[in-house]
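Participant: Those sequence lines, one after another, are chains A and B. The opening residue of the first sequence carries number -1 in our numbering; numbering runs sequentially from there. The opening residue of the second sequence carries number 9 in our numbering; numbering runs sequentially from there.
Be a bit skeptical, because a hint or two may be false.
Said to hold, decoys possible - Below, in silico cross-link-like pairs of lysine-lysine (DSS-like), each with a Cα-Cα straight-line distance of 25 Å or less:
hint	chain 1	residue 1	chain 2	residue 2
1	B	406	A	34
2	B	493	A	106
3	A	83	B	485
4	B	493	A	621
5	A	60	A	34
6	A	512	B	586
7	A	86	B	140
8	B	259	B	325
9	B	325	A	36
10	A	34	B	149
11	B	133	A	150
12	A	489	A	433
13	B	485	A	73
14	A	291	A	51
15	A	478	B	140
16	B	133	A	625
17	B	133	A	83
18	B	133	A	609
19	A	216	B	485
20	B	499	A	128
21	A	478	B	492
22	B	621	A	622
23	B	489	A	36
24	A	36	B	492
25	A	426	A	530
26	A	594	A	447
27	B	79	B	133
28	A	426	A	471
29	B	489	A	625
30	B	149	A	291
31	A	622	B	149
32	A	128	B	313
33	A	291	B	79
34	B	127	A	83
35	A	216	B	94
Stated by the list, open to error - Part of the chain B face toward chain A, derived, beta carbon under 8 Å:
hint	residue
36	36
37	40
38	484
39	534
Since the hints were made in silico from the structure, they are not lab data. Note that CB positions come from ideal geometry on N, CA and C, so glycine has one too.
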Amino acid sequence: MLTTRLLKVFLLLCFVYPITAQTVVWNVQGIPEKLKEKAHAVIRTDENVLLVKNEGFLTRKKHTVITILDEEGLKYGHLYIDYNKLSKVTDLEGVLYDAAGNKLRKLKKEEINDIGNVSETNLFDDYRYKSVQFNYANFPFTVEYSYEVSDKRMAFYESWFPGDDTDDVSVQASSLQIEMPANMQLRYKEINGVASVEKSQNGANTVYKWKVSNLPIKAHEPYAPAWSERGPGVWTAPATFEMDGYKGDFSTWQKVGEFDNLLNKGRETLPPRVVNEIQTLVKGETTQEAKVKKVYEYLQQHTRYISIQLGIGGLQPFEASLVAEKGYGDCKALSFFTKAMLKTIGVESHYASIKAGEATADILTDFPAQQFNHVILCVPMPKDTIWLECTSQTNPFGYLSNFTANRHTLLATPSGGVLVKTPALSAKDNQVSRKVKMELGADGSAKAKIDAHFKGIFYDDMIGLIHENNQEKTTISLLKNFYLGNAQLSKIALQENRDKIPSVQVAFDADLKKLTSPSGSRLFVTPDIFFKEDGVPSSGSEPRTMDVELFNNISYNDEIEIQLPTYQAVEALPTDVSFTSKFGTFQVKYQLQGNKLLLTRKFTRNNGKYKANDFAELIDFYKKISKADRAQMVLKL
Amino acid sequence: MLSMAFIANAQQELPKFPDVKVEDLKKKEYVKDSSAEAYIMMNYGNGWVYKNSEGGYEIAYQYFTRIKVLKKSAFERATKTLFLYKDDTQQNIETVENVKGRTYNFINDGITIEELDPKDVFKGKYDKSYDKVSFTLPKVKEGSIIEYSYVVRSPYPFKPKDWYFQYNIPCERSEYTFSSPTNLAYRILMQACEGKLSFDKCATADEYRTCQWLMLNVPALNREKYVANLDDYTRKIHFELAEYIVDGMSKPKNLSIDWPAFDKQLLIDEDLGGRIGKISAFDATAQSLKTQKTDTLELAKEVYKYVQSNFTWDGNKYLFTQNTLKEIFNRKTGSGTELNLLLISLLRQVGIEANPVVISTREHGRIWKDYPMISRFNYTLAHVNIKGKDVLLDVTDKNLRWGLLPSFCMVGEGRLLISNKSQWLPIRTPEKSGEMINMEFTFGEKESELESQITYAGVGYQAIDYRTEYNTLGKEKFAEKFRKKLSTIDKALVEFEGFSSTDTDVQPVIAVTGKNPEGYSVVNGKIYLKTIPYDGTTEHPFVSAERAFPIDFTYPTEETITCKYTIPDNYAVVELPKAIRVTLPEDGGRFNFSVAQYQGGKVIIVTSQIQLKKSIYGVDEYQAIRTVYDHIVAKHNEMIVLQKK
């Protein structure tokens, strides 16, 4: 008992002592005023050091100090370090300082969380992370972390974008330093005006260093390109390396592809049962394309997607035989399995690495490296190349959605990597066309028959309704999609058209108790009610500084015929509107024929990159559309 | 004795389940619920408590599940993940064994069976407290029938796992057996099972008590808007060790406590009531506060503010503390219970009586008042009684004002713990929560110019929401939200009042001014105005025709929108919406809509008031609420017509 008490006193003394002895380094007063403006946290320093020992081993060192200015900034004081079986985190230390820079306490071991097997859908993964949260209530305060990672994940060096979070966090100082042994070359690419590298020697080793300082807050601007397209940074990658016994070289795309081939080598043998099944399956087919289609359908019927992140940085697919046996795999395994099946019927195909995502920047084509997060399959044909998304059991044959369309992909051909582009979707491909026939009652009620086609990326939004086949969810989705309030829907029919650019046809009847409410003797009707565009971009803080990026070409082609109730007069009929801008075209026309009103509406929007000062015009474009869509007709009953 | 020893050590055998039939494999949908993506054909569980080789008690569970897969969206049901608990010592670990799985398919007029490969059962460390075991069944397709079984062994027999009859897919047959030595008595609580069980029997033989339950054709449990905790409505069984006697004990130990015992236990627990105490580091502050404020209420408010502003909630809700209050005082951060116990300590230190109130927060589910169980509680509040008025306090949210609790505490009542005077205490919702929106539109010289001025004032929780958004988004982004919502107002100027004040009693107001060129139309000598151009309820919040569970709005709300138009001199009103007044049964709420003209018709004032006076409405009130909203939506969409004189 006595000893524990003594120990407690002793610990207390230890705790008190350093506070008085601490030299004040991280005093908040050391932050320039302009870095505090609009900031929730300030990165005081962020030092990233990469010591490449040899082709198979490197050490990452991190030292970072963050001042948290307010409650909203708390999350920036949290630390996450991911690692797996090829890497080890050591020497993780943390210190908490008050505003004056006095040391309050050190991070305790039990405050370090070690979490693994995180995701429930990631069945197989050896991905783990360590996480630390230093919370304190007296703002501002400062946290300091340092740690090392001994790492064999040699295909991945460090890419450094110091201002990535500058819509919330300003940066006082940040640096990247990479030390390479004499016999190894560092490959790097400086982007968006980062100050050039400073090179120096450390014995025989070459040291590369980049730094930035004093990056103030850059307010978020809608439709801005990704940071990697506009902010200073450095991409780095190895030339030659060795990972888990596999030797690679990333100095050209051709060689990046060769590394894929190396990882995939000897893994494509299929069990005889599957080979036989495939042979039988394609027997009756005469064209190559039809055969490929059969194989793809076989894949879809016999497998499902499961996320797998194992070994070699998650780069190597399962063996094809394993997919055949289990009936599941991840994007790599399923693409590779399909490639193996196609090979048995004499069709050559290429494992294609790609950076997937719906609104994501393309890879840097002039910097060969592992820049990908997904794999699809490319099947060259005499005429049109067929592209196969192998992770979906439902995707129509040959269709790439905006998850993978219109971007570069690296084909691992027998002679190495070849960079090509996946096909783009045009405004005609991404089209919604809606036809409505509606009877309007004098009491504001309406009965409508709706027939709509959703194609391309719009197909992607609607097809889930067919797969889920849940009446209630379908109803709710249609009510929302067509702004139908709580109308009664009936005769709902959904049909999938599995063309190369697929579409979903939606037909239903809607009974609206109150499309509009009579205001005394008048009825106000918005003829465009089911089609209205309500996505006016918000202006953000002015003046606009960043370029504007729109991702998809899209078009709408709409028509509504309204049978009007008996009326005395049309007091107001919206005027026809038509205009064009660099962002697209819009047109709406009204025709009154007796007690029938016919509206036609055409709207096309182009994708592309636009200058910052075009943004006001984009808002104006959308505002004009929104205004035209809200135009009302007034009937005097 | 022999039979007990036998049961204690043996692996219990799974019963023989009927073979999978071709007709089931051929099925394309579930007849009783065509929307189901899958249905459980059989869910079987068996939990038994036994004596291990060291003489201690353990519990084992045998599970078997068979599922018919109907749609692709159900494929993920073929992946099963188990989390196995282990305590801090890493000695008392739950384990899983005997994992088996199968996939049945109907191919070429025959049934094929794929077995789960034991190699594909992945076991790994998840975090400090859990290991994770996962497996996925092979060859799953639409139409497959999948099944898996496993045994979990657990060193925690005092708190057996719940048995769920109901899931988010339908279940044809759900069966559970629970057996325990008679020297361990369990309390068994059924939830939402009344009249639903096909079998419900307990029997004792050979010093073992065995209970069995069977439920057939359990419908899927679907999520609805405005439900605090779906688990409260799920059909399930809960178990709790109530009493035990083991070798060496002269009389049984009763764990099933009455409320006085519950109160006493928590009051002396060193991780709850026992934590409350003097914080020496606070002495100086306490002294200075006491000299500054002599009024008890004022002093209490100062201490509340002190804790609220100097300590940050770490986001955790645990009933028990994990640190001493001294540590919390130094760290400046802690769980809800820790911070509120600190508040109690500091209040006592300035001489104000304060006591803990334990509750179960909204997402934690309801407590069972007939059965005092500590495990049903997960949070602690602070209570003071000043000048005869009960006040409940919570310091986790810096935007809360004195006497207002976070909305997750809106659970009806809590248990006030005071030595010998513990009691239930109602948790009152604030009298008023909601928005007051004032709009003024004034025509200028020309009819094409309309000046707009809109103010939003928050009351109760709405005020907190405003403050929270203002503080977390920042002034700029919060203003942007209003500019976006009022996007038709040209060059909207957004100003904030009462936000910068640290005094949470000040009402936050947002004022937006600008010209409004689009909110109305001028056609052929007529002007058409929207009755409520912004923030009206123009879309119906209750789309579903039916309702399964009570509608829980958390707290009563009131929204008042006043819209004042000053029209041009040369125009006159030709059409105005009519007033309406709709009420819910027993004055549970109302919609008042009124229109009035002033100054000889030059000024029109429209007022819409929506009051929902209750926090919770029963299923039987759903249609009435829906009808009220029919009227609201209709009125909010109506128009005013002006004619040029």
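Participant: Give a verdict on every hint.
Facilitator: To see whether the hints hold, each was checked on the structure:
1. 406/B / 34/A: holds (22 Å)
2. 493/B / 106/A: Measuring from Cα to Cα gives roughly 47 Å; hence the hint is violated.
3. 83/A / 485/B: Status violated; Cα separation ~42 Å.
4. 493/B / 621/A: holds (13 Å)
5. 60/A / 34/A: holds (24 Å)
6. 512/A / 586/B: holds (17 Å)
7. 86/A / 140/B: holds (21 Å)
8. 259/B / 325/B: violated (36 Å)
9. 325/B / 36/A: violated (31 Å)
10. 34/A / 149/B: violated (56 Å)
11. 133/B / 150/A: holds (22 Å)
12. 489/A / 433/A: With a Cα-Cα distance of about 16 Å, the restraint between residue 489/A and residue 433/A holds, given a limit of 25 Å.
13. 485/B / 73/A: holds (18 Å)
14. 291/A / 51/A: This hinted pair is violated, its Cα atoms lying about 48 Å apart.
15. 478/A / 140/B: violated (40 Å)
16. 133/B / 625/A: Roughly 57 Å separates the two Cα atoms, so the pair is violated.
17. 133/B / 83/A: holds (13 Å)
18. 133/B / 609/A: violated (50 Å)
19. 216/A / 485/B: holds (13 Å)
20. 499/B / 128/A: Answer violated: residue 499/B to residue 128/A is near 48 Å, above 25 Å.
21. 478/A / 492/B: Within the cut-off at roughly 20 Å; holds.
22. 621/B / 622/A: violated (42 Å)
23. 489/B / 36/A: holds (17 Å)
24. 36/A / 492/B: holds (21 Å)
25. 426/A / 530/A: holds (20 Å)
26. 594/A / 447/A: holds (15 Å)
27. 79/B / 133/B: violated (32 Å)
28. 426/A / 471/A: Given that 25 Å is the threshold and the Cα spacing comes to 28 Å, the pair is violated.
29. 489/B / 625/A: Measuring from Cα to Cα gives roughly 20 Å; hence the hint holds.
30. 149/B / 291/A: holds (19 Å)
31. 622/A / 149/B: Status violated; Cα separation ~49 Å.
32. 128/A / 313/B: violated (35 Å)
33. 291/A / 79/B: holds (22 Å)
34. 127/B / 83/A: Roughly 19 Å separates the two Cα atoms, so the pair holds.
35. 216/A / 94/B: violated (46 Å)
36. 36: violated (10 Å)
37. 40: Violated: closest Cβ of chain A sits about 14 Å from residue 40/B, beyond 8 Å.
38. 484: Holds, because the Cβ-Cβ distance from residue 484/B to chain A comes to roughly 6 Å (cut-off 8 Å).
39. 534: Holds, about 6 Å.
In this structure, the hints that do not hold are numbers 2, 3, 8, 9, 10, 14, 15, 16, 18, 20, 22, 27, 28, 31, 32, 35, 36 and 37, in rising order.
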